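Please take these sequences and the hints and turn them into a complete structure.
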Amino acid sequence: MKMKLATWVTAAMMAASPVMADLVFPSMSYRTGPFAAGGIPFADGYADYFTLLNQRDGGIGGVKVNVPECETGYNTEKGVECYESLKPLNPLVLQPLSTGITYQIIPKSIVDDIPVHTMGYGRTSAKNGGVFSHTFNYPANYWDGASGVVNYLLEINNGDISGKKLALVYHNSAYGKEPIRTLEALAEKHGFELTTLAVDHPGQEQKSQWLQIRRERPDYVTMWGWGVMNQVAIQEAANIRFPMENFIGVWWAGAQHDVLPAGDAANGYKAITFHAVGKDYPVFDDIQKYVVDAGLAAGSGDQIGTVLYNRGVYAAMLAAEAAKDAQAANGVEEITSGMMRDAMEKLSITEERMAALGMPNFGPAFDVSCENHGGNGLVGVAQWDASAQEWNLVSDFKQSDQDLISPLVKEDSMAFAAESGIEPRC
Amino acid sequence: MLYREAGDFSTTYPQDSQTFPIRFDRYRYYVVLAIAVLVLPFVMTDYLVNSIFLPFLIYAIAAIGLNILTGYCGQVSLGTGGFMAVGAYACYKLMTAFPDVNIFFHVIIAGGITALVGTAFGLPSLRIKGFYLAVATLAAQFFLVWLFNKVSWFYNYSASGQINAPERTVFGIAVTGANTAGWATYLFCLVFTVGAALIARNLTRGAMGRQWMAIRDMDIAAEIIGVNPLKAKLTAFAVSSFFVGVSGALFFAVYLGAVEVGEVFGIQKSFLVLFMIIIGGLGSIFGAFAGAAFLVVLPVILKVVGVDMLGWPTDIVAHFNLVIVGGLIIMFLILEPHGLAQLWRVAKEKLRLWPFPH
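Line order of the protein sequences matches chains A and B. Every letter in the first sequence is one number past the one before it in the working numbering, and letter 73, counting from 1, is 73. Every letter in the second sequence is one number past the one before it in the working numbering, and letter 40, counting from 1, is 466.
Check each hint, because a few of them may be wrong.
Taking lysine-lysine pairs in the DSS-like style, the calculated list, with each CA pair at most 30 angstroms apart, reads [stated by the list, open to error]:
#, chain 1, residue 1, chain 2, residue 2
1, B, 576, A, 410
2, A, 165, A, 207
3, A, 207, B, 576
4, B, 519, A, 410
5, A, 346, A, 64
6, B, 519, B, 576
7, B, 576, A, 165
8, A, 164, B, 576
9, A, 324, A, 64
10, A, 346, A, 410
11, A, 398, A, 324
12, A, 410, A, 165
13, B, 576, A, 189
14, A, 189, A, 398
15, A, 398, A, 279
16, A, 398, A, 165
Which bits of chain A does chain B cover? Going by a derived footprint, with three or more residues having C-beta under 8 angstroms, they are [stated by the list, open to error]:
#, stretch
17, 62 to 74
18, 192 to 204
19, 413 to 424
DEER-style ranges, computed between Cβ atoms [said to hold, decoys possible]:
#, chain 1, residue 1, chain 2, residue 2, range
20, A, 388, B, 745, 33 to 43 angstroms
21, A, 90, B, 636, 55 to 65 angstroms
22, B, 651, A, 215, 52 to 62 angstroms
23, A, 205, B, 759, 28 to 38 angstroms
Derived from the structure by calculation, the hints contain no laboratory data. Nothing here was measured: the structure is a model prediction, and the numbers come from that model. Idealized CB from N, CA, C, for every residue including glycine.
So this is what it looks like as structure tokens:
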């Protein structure tokens with residue numbers, strides 16, 4: 001029986017392996033499961049930007065882009081299957097869109113020489129590129145996000161939040177636990193009181209957490225949530241009449257589908273962000289013209305301008321720019337994942353470059369280096385306007401507390417280096 | 427024609443009581459084993475190992491473990507995921523605390539630790555049974571996952587609560603970590619799977635297995651004829667948890683490499699392993715393998731056929747996957763409530779009489 005299965009699968013893989021030499025940017029997406037609401041717009045944005053490059057520019061440097069998709073369902077076992085099935089396609093960069101899968105493929109990616117871009121998620125200490133040679137998490141990471149929340153609180157309280165109470169509602173997983181260490185250090189530094197409330201996966205059951213919030217009356221609540229957990233949390237916050245303007249989500253808890261179910265009650269909810277919101281960018285006109293109107297959109301085409309669609313486009317843009325750099329640096333069009341990694345390590349995104357791509361001020365300008373795989377960590381705050389049904393930036397992109405985060409990054413990355421016997425490269 | 431006992435004479439008791447008394451069956455078993463050990467490692471690709479063979483072998487161990495408890499001793503357990511987590515975290519703590527000891531022994535010791543934990547959670551089975559016991563083991567499932575999330579000692583105080591398997595070798599060849607070759611991890615797991623199947627098979631047809639089955643069939647009657655329910659139930663929990671712990675350790679160290687307890691060892695895992703033994707066949711070692719193959723390999727094949735060969739959208743295939751696997755489960759349970767193992771048994775009976783059934 002075993003032999004038979006092996007033969008089937010080998011035959012299937014032979015039939016499936018592509019013959020053309022494209023630039024391969026796989027999309028490890030999840031369009032099913034409890035996080036599908038967030039996974040679908042991101043995957044659509046990622047695919048649509050590459051379709052735009054193919055249709056408008058004939059690919060990157062004249063080579064067509066291929067975006068094979070693999071459904072992970074946010075499940076680590078399927079993530080392994082996806083990683084192994086994508087590996088023979090010679091992917092240039094992987095974007096797993098799941099902290100759990102990221103942890104799993106970090107060691108493998110080093111051996112297989114495939115760069116991994118975890119934009120705003122994954123292992124925060126991967127910012128130390130000396131240890132994590134193949135993992136990139138520019139332009140911002142969770143600890144920047146935690147610091148961004150506290151910076152914003154400092155801003156609206158005239159620089160003094162001592163004695164205030166901050167509650168963290170988090171998804172009880174690697175993802176949700178990431179900010180705790182930074183928030184604890186920040187609480188010590190600024191003298192505020194931190195309460196942490198874990199919500200178990202998938203997060204539909206949060207009554208007791210919000211009862212506790214009602215009892216303890218924290219001044220502010222921040223949330224590390226994803227998928228169905230966000231909608232429930234915002235509804236629960238509305239139910240206990242928690243003032244929405246004091247409720248700040250992370251960038252994975254700040255999309256349209258998170259706030260819409262609560263209706264007008266969600267008005268004033270805030271979320272941090274590392275890229276712009278809205279659809280007033282020339283690039284979206286091009287996507288409309290070349291992709292959606294041509295009937296080539298990955299989804300139904302109505303998600304353009306939503307937060308997570310923009311994030312997918314942003315991720316694709318950063319990948320495509322790094323690929324252009326790699327082509328220029330090596331003088332060949334058909335680059336390898338190793339060249340891609342080197343280019344990602346030297347990537348420099350400036351205002352002019354984004355403007356030339358039709359995305360002026362879409363995200364912060366940043367430079368990547370061997371020491372810093374995480375960009376500069378600029379974090380802005382957006383607020384939901386329920387009557388206009390749109391997110392508006394209420395605080396511009398500001399620098400996170402690097403004095404506090406850098407030692408934490410160093411400590412955690414060096415622990416990983418010691419555990420796995422890695423000599424830091426720089 | 428081929429499969430019959432005619433001319434196959436047993437002249438000693440061991441011959442008569444062997445696992446495969448029919449010669450053809452015995453040779454078939456040796457051939458499968460020889461292919462698994464001598465041929466497959468040479469044709470193994472990373473994809474085959476990591477998406478099919480490793481999960482199949484590891485889930486088979488877990489299914490054998492649960493089958494001993496549920497299929498042979500009749501104690502329903504929904505704590506398999508939690509016990510797998512015990513094996514995984516025990517293995518992680520051992521790997522990081524004693525890096526010089528061979529990983530092989532860590533996996534065995536992790537199984538031993540899980541056996542102790544399983545026995546402790548098996549104590550209520552002496553007073554409660556059936557659905558009530560299932561609920562008690564459900565409590566074990568949630569308690570263990572909560573414990574590994576809450577107490578940071580278990581994950582060596584890492585920021586995210588993830589555990590990562592460092593590189594460990596057997597005979598100088600890496601079997602955990604990133605630098606592993608497919609054939610090495612495959613053979614490492616194969617050794618454990620074959621060992622587990624042999625031990626389980628021989629335990630279940632010995633005195634201990636007969637006691638378990640007596641308890642399963644009617645515990646009061648068993649007690650009257652002299653079976654000690656305390657000993658029978660607790661040994662079933664211990665042996666079952668040992669295998670489940672070994673599979674949890676392999677699941678973490680060899681297969682996934684990084685684990686987050688809530689996501690990997692949640693209640694879904696308990697149900698998955700329970701479905702494996704129900705579909706495979708309760709009270710059958712072959713059933714454990716058949717059930718594991720059905721639930722591990724079928725989704726991968728459907729995905730390969732749907733996405734890679736037919737080029738359908740991934741979400742449609744993922745949804746179809748649920749529909750097809752679910753439909754097949756219902757179909758199998760209606761057509762053969764005793765699982766795939768019973769189908770196999772019926773097929774063998776038919777083969778014996780073929781081509782002249784009477």
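So, against the hints stated earlier in the document, which numbers end up violated here?
Structure breaks no hint.
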